[in-house]
Amino acid sequence: MSGSAGFSLPIQVVQGGGLTAWLAEDHSVPVVSLSWSWPGGAALDPQGQEGAARLAASLMTEGAGELDANSFADALRDEAIGLDFSADRDGFEGSFRALTPALPQAVRLARLAMTAPRFDPADIARLRARAIASARQSLEGPRGRGARAFWAAAYPQHPAGRPTSGTEESLAALTAEQLRAPLGRHLRRNSGLLIAASGAITAGQLAALLPDLFGALPEAAAEPLPPLPELHDFGTQVVPVAAPQSAIIFGQPGIPPRDPDWEAAQVMLRILGGGGFTARLTRSIREERGLTYGIGIGLDSLFGRGVVVGSCATANARVAELLSVLRAEWARMAAEGPTQEEMDEAVAYLTGSQPLQFTDSRRIAGTLLAMRRNDRPLDWLTRRPERLAAITRNHAAGLAKRLLQPEALSVTVAGQPEGL
Amino acid sequence: MCPISRRAALTAAATLPVLAALPPQQARAAAPAPTPAPTPAPLPTGERPLFGASLWTLPNGLTVVHAENRRAPVVAHYVFYSIGGGDDPAGKSGLAHFLEHMMFKGSANVPSGAFSRRVAREGGQDNAFTSRDVTAYHQHVEATRLALVAGMEADRMASALFPAAEIEAERQVVQEERRQRTESTPRGRFREAWDAAFWGPQHWRGRPLIGWPDDIASLSRDDMLDFFRLGYTPANATLVVTGAISRQELERLAVEDYGAIQGRPAPWPKSRRGRAPVPASPLEDRLVRREPTVQEAAFMRGWVAPSLLEGTDAARHAHPLEVLSHLLGGGQGSRLFTALVASGLAVSAGCSYDGDSLGTGTFDIFVTPRRDTPTEKLEQAVQAEIARLLDGDLTEAEVARSIRQLTAGTLLALDSLGTAPRILGVGIATGMPLEAIEYWPAHIRGVTLAQVQEAARAVLARPSMSGWLLPEGAA
Chain A
1 MSGSAGFSLP IQVVQGGGLT AWLAEDHSVP VVSLSWSWPG GAALDPQGQE GAARLAASLM
61 TEGAGELDAN SFADALRDEA IGLDFSADRD GFEGSFRALT PALPQAVRLA RLAMTAPRFD
121 PADIARLRAR AIASARQSLE GPRGRGARAF WAAAYPQHPA GRPTSGTEES LAALTAEQLR
181 APLGRHLRRN SGLLIAASGA ITAGQLAALL PDLFGALPEA AAEPLPPLPE LHDFGTQVVP
241 VAAPQSAIIF GQPGIPPRDP DWEAAQVMLR ILGGGGFTAR LTRSIREERG LTYGIGIGLD
301 SLFGRGVVVG SCATANARVA ELLSVLRAEW ARMAAEGPTQ EEMDEAVAYL TGSQPLQFTD
361 SRRIAGTLLA MRRNDRPLDW LTRRPERLAA ITRNHAAGLA KRLLQPEALS VTVAGQPEGL
Chain B
421 MCPISRRAAL TAAATLPVLA ALPPQQARAA APAPTPAPTP APLPTGERPL FGASLWTLPN
481 GLTVVHAENR RAPVVAHYVF YSIGGGDDPA GKSGLAHFLE HMMFKGSANV PSGAFSRRVA
541 REGGQDNAFT SRDVTAYHQH VEATRLALVA GMEADRMASA LFPAAEIEAE RQVVQEERRQ
601 RTESTPRGRF REAWDAAFWG PQHWRGRPLI GWPDDIASLS RDDMLDFFRL GYTPANATLV
661 VTGAISRQEL ERLAVEDYGA IQGRPAPWPK SRRGRAPVPA SPLEDRLVRR EPTVQEAAFM
721 RGWVAPSLLE GTDAARHAHP LEVLSHLLGG GQGSRLFTAL VASGLAVSAG CSYDGDSLGT
781 GTFDIFVTPR RDTPTEKLEQ AVQAEIARLL DGDLTEAEVA RSIRQLTAGT LLALDSLGTA
841 PRILGVGIAT GMPLEAIEYW PAHIRGVTLA QVQEAARAVL ARPSMSGWLL PEGAA
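Chains A and B supply the protein sequences, listed in that same order. Residue numbers for the first sequence follow my numbering, so the first one is 1 and each next one is one higher. Residue numbers for the second sequence follow my numbering, so the first one is 421 and each next one is one higher.
Since the hints were made in silico from the structure, they are not lab data. Note that the coordinates shown come from a computational prediction; the quantities given were computed from them, not determined experimentally. Possibly wrong hints are sitting among the right ones.
What the hints assert, rightly or not - Some but not every residue of chain B turned toward chain A, in silico, with C-beta under 8 angstroms:
(1) Ala540
(2) Glu671
(3) Leu834
(4) Glu874
Claimed, not checked - Going by beta-carbon spacing under 7 angstroms, a handful of chain A positions derived as facing chain B:
(5) Val29
(6) Ala129
(7) Arg130
(8) Gln137
(9) Pro142
(10) Ala242
(11) Gly276
(12) Asn316
(13) Ala348
(14) Gly352
(15) Leu356
Don't be surprised by glycine CBs; every beta carbon is placed ideally from N, CA and C.
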C-alpha cells in the first residue's frame, strides 16, 4: 500500500455568521464549489402535494429580485455559474460551482434565489408543465414504472413511498401558495443547515461569505421528519408493462450510517454486488450466464436509516432464472460470508480509491456534506484505511448472516415476465 | 454522438431516470464540453492553452498525449483506437462495440476478468466506451499504480485473446444491453428508427452503434480477430495520460510499456476512414410513429450539417454552427425557447449540433410540445423561426451573448479527472490538431455574425427530416 492510500485534503472547520462550514481548500484549479442542505425535502410535502418541494426548488432559479427568469439565467450563464436547488426524499439542497472571478456574483445570485425568488405565474405555469410531462414520461418504460411501484410497496404509510417528483395529478393541483410553502419549511438558519465547500477559497474568505449568503434567512428550528418504519416485506410484485425486457428492483432492510457495522456492511455488500466486475452478482449473473447488462446493489441511507437496494434488467423469458441465481447468491453470502481473498480485495479497493474522491470540486464538497449529514468526525477519511483494515473476515461473515435475508427480499418486476 | 459504455449505469433504484428527451439545458450550462476546431486561426495575444498538453509519437506509431494536473495524487490513463462503430463492416453492425466487451476477456499475460479485478484491487476504476469514431479503454488510479494498468493495457493491445468459450454469454449481455438502452422505451426505439430513416438502415451513419439484433446474433470470433488486426495497433492508437505525472515520467513509461509492441501500419489516417459517402440530405422527409406506451409526444427536425472533420471547405461552418445552435436552441432565452416554451406551445425545446464527428455532422431540433398543441401548429412555429433566421434577422447582441455563454466556463473542464483526457483523446484520435483543441475558445470568440448567417443558410435552407413520436390514437 503506497503512502497515498487514505489520501484526503485536510478539512478545515470555518465559522462565520453563527454558521459552521467544512472546507477542503485547494488552489490547483480556479474554481469554488459550495453545497448546503437542510433535512426535509419531499418528506415534508403534505399528502396530495407530492412534488411540491422539488418544483419549488427548481423555481428558485427562475427569477429573483429584480431579475426575471431570463435575466437570472443569463446572469448565471454569462459567468458559467452552476447554481442549483433540489429536493430529494429526505433533504433539501443548494449548491453552486463558480470560477473564482465569478464567486461574488454566485453568492449574490444564490442569496437572491433563497431570499427573493419571484415565482412569477408564467414561470410557475412553464415549470409545472415541464414537471407534469416529466412525471408522465417517467412511466413510459419498465424502469420508471418499477421504481414507482417498489417504493410505494416498501413504504406504504410513509412519504418515502410517494413519488418525490410528484404525479400528474398532484402537480396539477398545487396552488401558488402550496408551491411557496416548501421554501418557508426549509430555508432557515438552524443546526440542520449543513454547509461544505471545496476549491480555491481560503478559510477567511469562506467565513466572510457565510453571513453574506445565509444571514438573511430567519432563525427557526427545522421541521421534524416522520420516522421511517422498517422496509415492508411485500414479497414479489409484478407490474405489467409492454416491453421485451423486465426491470427488476429488489431490496431488504439495511443498517443505518451511524451503526458501528456500517463500514463492514459496505465491504460485504461490495463483495456481493457493489460496483465493479469483481462482485459475485456480476460474475454469476452477467459474466457467467449473460443474464443482464448490469446488476448492482448498495446500502442506501434515508431518514437516518439504511436499506439494501439493487436493480437489473433481463429479457422477460429469463426473469425467473435471474431471480433464482440472485436469491442463491444472497443465501450463499448469508451462510458462508466472504472469503479472505475477497475481503482483502474489497478493502484494498475501498482504501486505494479514496484519492479518486478528490478530483472534482463538486464531488469533494458533496463528500464533505455527506460526512456532516452522517455525523462523521473530521478525521473520518484519514482514519478510514485503518478502520477498514481492522474488519476481519469472521466479523463480515457474522454481519452477513445477521443482515442478509434471502427469504425477506422484496422484489418488483416491471415488464412481462414469464414463469413467475 | 453519445458513446455507449461497457458498464451499465447502476443508478440506484431510488432515483427515477431523468427525462432523456428534454433538452439538456442544465448539463449545457454546468458542464461545457468544448468542441475543438481543426484550423488554427491567428490567436489573440495572451491566449493560453486550455490543458497545456504535449504530444509525441513513438517509433511504432503510438501517439502519446500528456497533460499534468496536480490536484490529487491520481492519474487518468486512456487508450483511444481510431476505429469505432462507423467502421463496422457492412452487415456486421455492432462489431466494434461487441469487440470492446470482449477486450476484457483476457490477453497473453492477463487472464479473463483479471484486468478489472487487478485495477480494483489497486483502488482504481476502469471502463471502456465505443462511439462511431473511436473505441476507448480507460482507468483512473492512484499515481503509483500507473505502470500496472499501462502494462495490462499494452498486453491486450498486443495480444487480446477473444476466447471462443466466452463469446456466447457476452453476446447475451450485449443483447440485454440493447434491450435496456433501446428496446425498452418508446424514445429509444424512436431514436434508432430516426437514424435508420434519415441515413438508411445499412448505411454506417444510420445503423445503431450497438448493432441490429440480427447482426449481433451473427458476429463471429473471426470477425473480431479481423477487426482487431485492422484497427488495434499502436499506429492507430492514442495514449492519453493526465494528472499527477510529469512529461519525463510518462515518456519513460510509454516506451517501457508500449514501445515494444510490434506494430502494423495504420489502416487509415485518423481522420479519413474510407467510409461510404454520406447523403447530402435525409433519405426521408417524414417519420411518424405511434406507440401505446407513449405518454408525451416528441417532435424532431434534423438536417445534414458540415462537421469540423469532414475535410471539405464546408468545415468552416462548424464553429459558427456551434454559435447558431446556442442562440437558436441553447435553453432559456434562446429563440426556440421564446417562440415555443415561453409562448406556451411546448414544454421544452432545444437544438443539438454534432459538429465534431467524422464524415458528417447533424443539426437537430427537439421539442416536447404541450398536450393541447396541435402538431401542425407546432411545426409551423418551428418553421417560422427557421424562416426568420434565413431572412437574416440575427443581431450582434445575440451572437455576442452566445459566444460569451459558450466560452465562459471553459476552465471548468479542469475540474475533473476524466474531462481532459476525453476531450484530448477523442480529438487527437479523429485527427484534430492539438492547437485546435487547446484554443477552442479563441476560435469560438472569433465567430462573426456574417459567418453565423452564412452557416445557417448553408444548413437550414436544405431539405430536412421531421419526425413525431405520438401516443397511439393521437392525430
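Hint check results:
1. Interface restraint check: Ala540 of chain B against chain A, minimum CB-CB distance 5 angstroms, threshold 8 angstroms, status holds.
2. The interface hint given for Glu671 of chain B is broken, as the beta carbon of that residue sits about 22 angstroms from the closest beta carbon of chain A, more than 8 angstroms.
3. For Leu834 of chain B, the suggested interface contact is upheld, since its CB lies about 5 angstroms from the closest CB of chain A, less than 8 angstroms.
4. For Glu874 of chain B, the shortest C-beta to C-beta distance to chain A is roughly 26 angstroms, which exceeds 8 angstroms, and the interface hint is violated.
5. Using the Cβ-Cβ criterion of 7 angstroms, the hint placing Val29 of chain A at the interface with chain B is satisfied: the shortest such distance is roughly 5 angstroms.
6. Satisfaction of the interface hint for Ala129 of chain A is found here, the shortest Cβ-Cβ separation to chain B being roughly 5 angstroms, below the 7 angstroms cut-off.
7. Taking 7 angstroms as the C-beta contact cut-off toward chain B, the hint placing Arg130 of chain A at the interface holds, the least distance being around 5 angstroms.
8. Below 7 angstroms, beta-carbon pairs count as interface contacts, and Gln137 of chain A has one with chain B at about 5 angstroms; its hint therefore holds.
9. For Pro142 of chain A, the suggested interface contact is upheld, since its CB lies about 6 angstroms from the closest CB of chain B, less than 7 angstroms.
10. A distance limit of 7 angstroms between C-beta atoms decides the matter here; for Ala242 of chain A the minimum to chain B is near 6 angstroms, and the interface restraint holds.
11. At its closest, the beta carbon of Gly276 of chain A sits 5 angstroms from a beta carbon of chain B; the interface hint therefore holds under the 7 angstroms criterion.
12. For Asn316 of chain A, the shortest C-beta to C-beta distance to chain B is roughly 9 angstroms, which exceeds 7 angstroms, and the interface hint is violated.
13. Of the supplied interface hints, the one on Ala348 of chain A holds, with its beta-carbon coming within about 5 angstroms of a beta-carbon of chain B, less than 7 angstroms.
14. Proximity of Gly352 of chain A to chain B holds as hinted, the smallest CB-CB distance being about 2 angstroms (cut-off 7 angstroms).
15. A cut of 7 angstroms between beta carbons decides the hint on Leu356 of chain A: the least distance to chain B is about 6 angstroms, and the hint holds.
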